[in-house]
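Asker: Generate coordinates for the entire structure from the input sequences, incorporating the hints supplied.
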Amino acid sequence: VQLQASGGGLVQPGGSLRLSCVASGSISSSNVMGWYRQAPGKQRELVAGLSSGGITNYADSVKGRFTISRDNAKNTVYLQMNSLKPEDTAVYYCNFRNPWGGTWWGQGTLVTVSS
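Every number in our numbering is 701 more than the matching position in the sequence shown, counting from 1.
One should not assume that every hint holds.
Unchecked claim - With a Cα cut of at most 27 Å, we get these calculated DSSO-like pairs of lysine-lysine:
hint, residue 1, residue 2
1, Lys786, Lys775
2, Lys775, Lys743
3, Lys764, Lys743
4, Lys743, Lys786
If you are wondering where the hints come from, they were derived from the structure by calculation, not from laboratory data.
Answerer: Pasting the structure below:
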């Protein structure tokens, strides 16, 4: 599985960004796609995940501000990020997991929230 993420950039506090990630290759119909992030000096953490069956989960720190969605026909997952805060600054990684324990990562896209 190959993952191509896009949509990062520089945004002011309170602004919005949308990340996209397209999966290609041997994609199982049952899977979970999601976003993780890693800030400087910190461990990578889950931001949001969405299964092919529609089950979502979010980190507490982004609930109410971020929305994950997907287009299964396009094998694409999106992360709409609103009300961005400086503490959201990180490299965001797309993730794909199949039911057999396989996991793949995208190349990462930098999100910087700063005035």
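Asker: Now tell me if each hint is right for this structure.
Answerer: Each hint, compared with the structure:
| no. | hint | verdict |
| --- | --- | --- |
| 1 | Lys786 x Lys775 | violated, 30 Å |
| 2 | Lys775 x Lys743 | violated, 32 Å |
| 3 | Lys764 x Lys743 | holds, 20 Å |
| 4 | Lys743 x Lys786 | holds, 17 Å |
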